[in-house]
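**Q** Residues per chain are reported as follows:
Protein chains: 2
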Amino acid sequence: MPEKIIPRSQDYSRWYTDVVQQTELADYAPVRGCMVIRPYGYALWENIQQALDQRIKQTGAVNAYFPLFIPQSYIQREAEHVKGFSPELAVVTHGGGKELEEPLIVRPTSETIINAMFAKWVQSYRDLPLMINQWCNVVRWEMRTRLFLRTTEFLWQEGHTAHTTAEEAQEEMLRMLEVYHDFAENEAAVPVLPGRKSEKEKFAGAVASYSIEAMMGDKRALQAATSHNLGQNFARPFGIQYLDQNNELQYVWQTSWGLTTRFIGAIVMVHGDDQGLILPPRLAPIQVVVVPIWRGEEQRQQVMAAVERVRQTLGDRLRLEVDGREEYTPGWKFNHWEMKGVPLRVEIGPRDVEQGQVMLARRDRPGRKGKTSVPMDELAPRVPALLEDIQANLLARARDFLERNTAQPTSYEQFKAIVADGFAQAWWCGDGNCEAQIQEETQATARCIPLDQPEGSGPCIHCGQPAKEVAIFARAY
Amino acid sequence: MPEKIIPRSQDYSRWYTDVVQQTELADYAPVRGCMVIRPYGYALWENIQQALDQRIKQTGAVNAYFPLFIPQSYIQREAEHVKGFSPELAVVTHGGGKELEEPLIVRPTSETIINAMFAKWVQSYRDLPLMINQWCNVVRWEMRTRLFLRTTEFLWQEGHTAHTTAEEAQEEMLRMLEVYHDFAENEAAVPVLPGRKSEKEKFAGAVASYSIEAMMGDKRALQAATSHNLGQNFARPFGIQYLDQNNELQYVWQTSWGLTTRFIGAIVMVHGDDQGLILPPRLAPIQVVVVPIWRGEEQRQQVMAAVERVRQTLGDRLRLEVDGREEYTPGWKFNHWEMKGVPLRVEIGPRDVEQGQVMLARRDRPGRKGKTSVPMDELAPRVPALLEDIQANLLARARDFLERNTAQPTSYEQFKAIVADGFAQAWWCGDGNCEAQIQEETQATARCIPLDQPEGSGPCIHCGQPAKEVAIFARAY
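Order-wise, the sequence lines are chains A and B.
The first sequence begins at 29 in the working numbering and counts up by one.
The second sequence begins at 29 in the working numbering and counts up by one.
With the rest of the complex left out, here is chain A (with noise of 0.2 Å):
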């Protein structure tokens, strides 16, 4: 097993890609933009489902699954829409030996499909609001790929729901936002920035896409979810018609959201060191990973016979690994299970054994500052304890690195700098010339104009012109 990965601080991009491969979370496939995901990080995708599904059942909205093909004249339907996608479509042609009179786009994503079958369900206010989820492939013809952050075909949940009016819509994208804030923190300990995209950043047929934008360990942004409010511009082009109290026709007024797994690659930026990865405890598919030390085998079956102990104690509760391959030395092991970002583990040795305790070594304190030792007997409330610990710790610190490496620029100077190396919160006219130029001096793009916004106006960073709102400008993913 040839584990090497290159610091962070020596090449970011490469020390990813070896992160990624090294761990197993994810190998290039045969295929041109296609990814393997690997049981390691297909479990951290489970884990990522189980709580985001959730959170998405607790609104009130129901999975469904709709169908990889869609007719070639439903993506034309909506003009944005199809303006938007067809550079990255991949179309089937030919189906049982024979070509197709209509071809088929493989979906890059499910609005027109979903809003076709809408259309036929939706007949009265009765049935709305209609809230429905689905977890599924998409395909998307990406020009240069990476692991994880931008691949030909990738994993999703892609929410779709119809409303009776434009402020029930617009709160369920904002409610669908808040659910995606509060899984970044809570379970992955990633810290982001919601608020709303730019005209040009929009989603293609929304009438205004938000997002949660976090920073990466480089300083770079990376779009970690999006929601959108479609207004009626699916609606009307699909005839998504109800009858209203009045017995009046109306068009619905929809969203859609969606989270991809693209977020594994986050986790992987935002906690990961020059050891590998660092898994936030809620996602981590394995925990615990407990490693026995021994030399003979005397010494083997009483330091056996206390792991066996501590799988009794925890096992049930936590996702629990004991190591004990006899191939690997416990200092190899050491390392492999770091690099695999465990958030702990237990040493026991035979001087542990006699003195009724095990050591414990949390991923995100290195070295001596990160050990305890702790009696048998208190494992079973200690180890959950230490685990919320490092949760809380992970999601304090990334905060903390974001906060740092935040600035409010006073000229478009001091916003050069700062964009270089990190986050600008900086006043913007909404422009979207501005926004170009920025771009092209210096890179960086409007990442989102946060929810949270100060008080009063300043003149637009770049123009000068008065300007209502902050934005947050980066390089970005």
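Since the hints were derived computationally from the structure, they do not count as laboratory data.
Incorrect hints may have been included.
Note: identical chains are not told apart, hence a pair may lie in one copy or across any two.
[To be verified] The calculated BS3-like cross-link candidates involving lysine-lysine, where the alpha carbons are at most 27 Å apart (straight line), are: (1) Lys-148 x Lys-32; (2) Lys-247 x Lys-32; (3) Lys-85 x Lys-361; (4) Lys-361 x Lys-148; (5) Lys-85 x Lys-247; (6) Lys-397 x Lys-228; (7) Lys-230 x Lys-126; (8) Lys-32 x Lys-228; (9) Lys-228 x Lys-126; (10) Lys-361 x Lys-399; (11) Lys-228 x Lys-247.
With chain A's structure known, arrange chain B on it following the hints.
**A** Frame of chain A, contents of chain B only:
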């Protein structure tokens, strides 16, 4: 809501489609041969997934995700495989606005892409066994499609394993067949016959295929899951080799196994009746529905207070729904939830409140026979016990139906009469020509050669040649 289901006896095929559509399990999609799995159907699939996923993980297999697209050259590497699947492929020829150099196949099954990765991951005997499962969508271009039973796109899990010996692969194949057997009978209450497929019916590329076969309500057979012994048929073309303990290169031995959304069709057809669905309690999205009965505000308050007590008593432990809608009558609701197949209904009216009791109505025993009144304070133990009884009763009566409609013919004339309306268990020589002639003459095919074989031998039911095994013959979905 137009709730009309044609009686089973009148038109079984339309009855099936009516039930699936009227109960909102699934709907036809506006894409040829594809379906939409609606929330009620998807909730059933989620329960199937959960029950099966747990069993799969208990065998030591882990989940992962492989690409949707397979390079055409991969599909072509195993001769039988490409022959079997070629007529059913959907082909992506264009991506990102350009024609692809090599067309991509939308996976009909993933042996080829997964084994290409196995070749990379497997180096030493220490990497074996490798046992991986994937939950995903697959596409097979079908000519005649029916909701759940045969659709161009369907959902499934596909397991793929690699082992050091032929014996170990055979054991794994049988272990998974037993997992499906256990799942079908103990979760879905669908009795099945596990056995080996004939040469003609085996998976394209397998050394031997096994399946579980179930009997539908019209006495036709349905293949409910399959488990294949692939031998080294994929290991050789894909070069999956490992160094054994003597440091010699060896090819692995493999299996694959799968269960699809087709299984939902089996649940519908095995248990359903003229009123609609009857769902097995372990998998039912709603296990208990509570219908309040009242007139006027005073009664409403009393009844709804009792309903709330029922919810508090049972709601945490069971999937329970209260139908408090005021626009429908209790009678309408009884019919509605019977149609939806909810195993148990709780009725609460003013007289029940007075007497401190509720009325329970079993879905599996219509009318008075299935009704019992139960004191409020006995609900906590009685309702779960009743659900278990319903589960057991569904399995028992389906098994009885299977047994009553399976016969052992002693002549080919008898055989023909039996397969016209049931399963025939008959000595069979195993010859492909014999099988083809039987199918031509009776429309029945060899469903499987059951694992459970009688002693001795006999003359083949068709050609009279000595036969060592009995096979199940039936007309099949």
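**Q** Hints broken by the structure, by number, lowest first?
**A** 5, 6, 8
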